[in-house]
Amino acid sequence: MDLFEEDAPSGNTPEFSVAEISGAVKRTIEGEFGHVRVRGEVGRVVIARTGHMYFDLKDDRATLACVSWKGQVSRLSHRPEEGMEVIATGKMTTFGPQSKYQLNVEDVAPAGAGALMAMLEKRKAMLQAEGLFAPERKAALPFLPEVIGVVTSPTGAVIRDILHRLRDRFPRKVLVWPVAVQGKACAPDVAAAIEGFNRMTPGGALPRPDLLIVARGGGSIEDLWGFNEEIVARAAAASEIPLISAVGHETDTTLIDYVSDYRAPTPTAAAERAVPVRLELMAWVESQGGRLGQAMQQALRQREQRLRDIARALPKGDAILAPYRQAFDVNAEKLPVALRTATARKALRLSEAGGSLRPSVLQSRMRQAARELAQPAARLDPALARYAKDQRRALEALSARMRPDTLARETRRERERLARVSRQFADAARRLEDGRRARLEALDRLRETLGYKETLKRGYAVVRGDGALVTGTEAAQAARELELEFADGKVTVGGGGKPKKPAPKAPPEQGTLL
Amino acid sequence: MTERPVEDLTFEEALKELEDVVGKLERGDVALEDSIALYDRGAALKKRCETKLAEAEEKVAKITLGSDGQPTGTAPLDD
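Chains D and E are the protein sequences, given in the same order.
Numbered according to this note's numbering, the first sequence spans residues 86 to 599.
Numbered according to this note's numbering, the second sequence spans residues 158 to 236.
Okay, chain D solo, but in the shape it has when bound:
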């Protein structure tokens, strides 16, 4: 330091090379500002291809160049965003080749609650614009989940509170996914846990929960900040398993609360919302069972009552039967008396009728009938004899008139008459036949004498020319060939004479008219 302070002549002033002075400055700056916290507004942020991050911090009077090496960038608890008021932690250093001093940033934190809230509002507006907060995205929570997945720290009050309340209400299977609930690891842990639970298969080695609780106890806004990170909000929004968020106290609202299906004010409240109270349900089921039985009994009792009422209105069997029964009794008593009376009456009538019925009456009527029968019977024999005699007489009279010789004479006469007529018929037929034959012979003889063949025998001949009969010279001359028929055969001779007409000659030539 005394190098600069000493007002020495130039001759004594030691001479540095550029690199030397640059190295000296570097050592001085790094030594003096080995660990600083700088507050300022973030300017333009650039991430180089190498992964290093360069940005400026500025206030109204100065600008500080900042750099975070690749390995440091991933460990930053907050990514600097342009316009953000932050507190950057790191050490001052220099960059000799450009004569530049800069802050090597190891961590970035928003400067105060105001800055944090401003950043949060910006994120909220973005996610809301994407529709991630829409009420229709909210899934209904299962009434009674079988397996509950809890994303929280495995130690501490929160998980104990949740388990305790679950046990009180309705013991369930609980899978705890241990995460860091604050610090840089918080957001990636929680997002990975939500995604991990969703990747499980139902009924697998690790049973997939049908409800998720993301929980954390109360803390400062910085402590709860992990649950404001975008990756956590996006993982919760993408969760297919219904999700209850319970982060901090009732007054703390983090980004995950907007996208969760149900926001519980506290972890205990989340457990209460997750399951119903078993004892209440048992009592309720029991009461339903009781009401079921009572309703059934009531239904039966009502019908029984109605049956009784209707039955009462129905007249008694005895009442219906009584008059008939009485009539029966009366008649049953009268029956023997009536039978006796009837028998006596019939016996009286029998004896009355039987009194007039005696053999003497029948005998006298038989005798009377016999007498009546004897009279016509006595007339029957002579009448038959008389009738027979009459018939015989008539027969004899007829027989006397019937004689065989009369019949024989008649037969003989008729036979002679038949013979005579037969002879006459034969004679007549013979005569007729003889006459006809004589006439036929005469006619045949005539036919013989008239035919041309007899004439041929007498020396005549028939002449035919070309098949036609020739009777004159003219025809004979015309014929090309003549046939002569004699009595004993035919002779053909050549054509007769010269033709009558000479053959036509060519006409004389005529002079031409022209």
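Treat each hint with caution, since some may be false.
Stated by the list, open to error - What follows is a set of in silico ranges between Cβ atoms, one per label pair, in the way DEER data are often shown:
id, chain 1, residue 1, chain 2, residue 2, range
1, E, R161, D, Q387, 28 to 36 Å
2, D, A290, E, E215, 53 to 61 Å
3, D, R208, E, R161, 42 to 50 Å
4, D, K223, E, E215, 24 to 32 Å
Think of the hints as simulated: they come from the structure by calculation, not from any bench.
Idealized CB from N, CA, C, for every residue including glycine.
With the hints as your guide, set chain E onto chain D.
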């Protein structure tokens, strides 16, 4: 009305149907034969609910994670 076997019903469905059955029976406007069937159904539903309620079992486990952040199994949660 086609009835699903009570074994297929979730606890909540069984609870809801039991309530309906009780309501119908209590109104008393069901024929006797139907009310007997209804009663049987109600009894089966109640049994189903009771079974599900009896299945209350607490089993708490902590997921163990490998170096890649993927779950490798479970371990007891030590409070």
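Original post:
Of the hints given before, which are not true for this structure?
Top reply: Result: hint 2 breaks, nothing else.
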